[in-house]
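Heads up: the protein sequence lines correspond to chains A and S, in order.
Following my numbering, the numbering of the first sequence begins with 1 at its first residue and continues without gaps.
Following my numbering, the numbering of the second sequence begins with 1 at its first residue and continues without gaps.
Treat the hints loosely; a few may be bogus.
[As the list claims (entries may be wrong)] Think about it this way: if two alpha-carbon atoms lie no more than 25 angstroms apart in a straight line, the pair counts; the simulated DSS-like pairs of lysine-lysine are:
hint : chain 1 : residue 1 : chain 2 : residue 2
1    : S       : K611      : A       : K155
2    : S       : K288      : A       : K135
3    : A       : K155      : S       : K288
4    : S       : K363      : A       : K88
Quick caveat, the hints were computed from the structure, so don't treat them as lab data.
Now for the letters of each chain:
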Amino acid sequence: MPTFVYMTRCDGCGQCVDICPSDIMHIDKGLRRAYNIEPNMCWECYSCVKACPHHAIDVRGYADFAPLGHSVRVHRDEEQGTIAWRIKFRNGKKDMDLLAPITTVPWGTGFPNLAAASAPSGDMRNSQLLFNEPKYVRMDEGDLHTLKSNGLKLKAGVYY
Amino acid sequence: MGYKTIIEDDIDILVAGAGLGGTGAAFEARYWGQNKKIVIAEKANIDRSGAVAQGLYAINCYMGTRFGENNPEDHVRYARIDLMGMVREDLAFDMARHVDSAVHQFEEWGLPIMRNAKTGAYLREGRWQIMIHGESYKPIVAEAAKKSADKVFNRICVTHLLMDESKENRIAGAVGFNVRTGNYHVFKSKTVICGAGGASNIFKPRSVGEGAGRVWYAPWSSGSAYGLMIEAGAKMTQMENRIVLARFKDGYGPVGAYFLHLKTYTQNAYGEEYESKWFPALQEMVGKEYLDPEVSHRTHRPIPTCLRNHAIIQEVNAGRGPIHMVTMEAFQDPHLEEIGWHNFLGMTVGQAVLWAATDVDPKYENPELTTSEPYVMGSHATGCGAWCSGPEDVSPEEYFWGYNRMTTIEGLFGAGDAVGGTPHAFSSGSFTEGRLAAKAACKYIDDGKAEGIRVSDEQINRRREEIYKPLETYTVYSNEVVAGSVNPNFINPRQGLDRLQKLMDEYCGGFGVNYMTNDKLLNIGLKKMAILGEDLEKVAASDIHELLRAWELKHRFLTSESVFHHTLFRKETRWPGYYYRGDAMKVDDENWHVLTVSRRDPKTGEYTMEKAPLYHLVGDEES
């Protein structure tokens, strides 16, 4: 399913070039539009398809095992916090719409600012705790699990 | 060549590669080092980089301690049996006791985690897996990392680590180049946390053309975690422990949710259960301790992943393939059918594309499964990676040298695929390892261990020359021929990769030889690898993009060489179904109930191999 770009929809904005994890979406210098320069290094991850503001990028199944005539389209909306998919089979018998959430909070919020968090105490530095712990690491109000607290030993030898 | 040299100096913590491990490191480092300079160097764009770029539909490592579900030691025992005993249990225990706090933070950041309506706990897919709507998993954790980092350098391919010249075996930063501008980047840093990835595409893939990119692990996972650390002389462990995946054919779509949540199961081409008939002979090979279907049935002890692969491989070889996933029952339930499709869209869209292209509707047809080509990585059901120190309150002395997740190079830490012996970390565990490494790296600096680091201009210039050499080679020799890609003076990165994959497949146990190798094949393979190494000095790149592929190839090569040495060293068949040593077809606990540790001498390229003791977590009452 390497990606390809529709000539009439692409305006060469470069969003796909910015996001592609495999560095294979490049701008053709003559046409000033994007294209996939190395289809056999494409994972069909859809990062570029999702990022394209004009839905100019689509996917055609890998020629060595996928027949023509199918379609899997997507619209990802950070403001709505959703992703919408449409899957169409080659034989036209199946046509599915699927919707899923991508976040539960307004996009880009909800992250702690650790530079402004109260600095860890010396005790905490010398402990095994990480930021925000022991919150959520135990059922009770206890501390982090240790070998001692869990009645364990590390022994050399053959154990199964 | 007119590329600029751009130096970033006075870095405290350099994160090299920001997938789940690297983002965890950058995020956590800010808490322990509020005034420290934290810099990320990432090959792609951290919003969509690493193995989770595409998203995930499950988090496969979550204890649920908060909900009274599992203790860390339960997870360690699970990883132990799945990996046929070969786990660094101190590291696994440490990861498992922290992993829940990472997952709960993901939820606070907006990651949609499904809940069990009855209990209020997270919805379980299996004992360890929870279900998420994780299309935006990576962009969400990337935001957290960006908020903590002073600077993020996207599109930097890190090629080498820098070494301190005032103290032997101490890290001093890293170098690389920008894959867009071509500029040379130097990062001088007190510590480096290696968050780079494991290796896809080092064994010949089953796909033959365009589909070569539809590998199970991301094609951009170029083994750089190993290439960088091996080249610098770090000790590695368990590099023979490559993984083979039983997945939906061609698309390599995930099967976890199908088995665990949708309750689908497998059968052979003739509709028969096939697994149990291979188990008696397999039990002869591995021993009752590792395979006892009765005990597994009674106690729900899992049957190791590799052994289930073995049954598939044997059944197909016996002429009763393909193996099918029986989906036609589960998919009659519209809710389960929807989950089946969402599962692909959330993490392997290509499988949905393939079924749409081939009109495979799992409601009316049971799809084919296959066993993949092998992969070398350290966070799924396998544990390749660097030999790292564990935490001081858990690790025995052979596993501890001062700082958690520090490799055998001072100041060089690892997370995710980079850390060896820690299988079953997956996304959440890799992020957690990054957090642990970050805290330890801050302590290392605060303890004064990074004082007086010196990097000469000679080292910086030498690396610069090395990095651009493939461009130089191309410039010098390309006009010697009329046109085309055939040149007597060089090979291009694709040609080199093809050669590497063929060599790994045929001599190191790829799918093409049914995962079989032996000492003779491995020794021949190593000779051919040495010559490939010489030819890689002559790899040529016609532009900056090809230069990226050239360096990825060099990292894949170093990874592969290590896999060869480790596979030769461990004279037994520890993981039937992952690979077989034809000259030693049994599990040999008397001699090989140990971890394998290697070091490549950076000056000579010579390998030394050693055995390290294997410690197991046992209850007080068992000892």
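Are the Cα atoms of K363(S) and K88(A) separated by 25 angstroms or less?
OK: K363(S) and K88(A) at ~15 angstroms, within 25 angstroms.
Hey, K611(S) versus K155(A), does the alpha-carbon distance stay inside 25 angstroms?
This hinted pair holds, its Cα atoms lying about 16 angstroms apart.
Are the Cα atoms of K288(S) and K135(A) separated by 25 angstroms or less?
Given that 25 angstroms is the threshold and the Cα spacing comes to 41 angstroms, the pair is violated.
Need the status of pair K155(A), K288(S): alpha-carbon distance at most 25 angstroms?
At roughly 22 angstroms apart (the allowed maximum being 25 angstroms), K288(S) and K155(A) satisfy the hint.
When the structure is compared with the earlier hints, a violation turns up for hint 2 alone.
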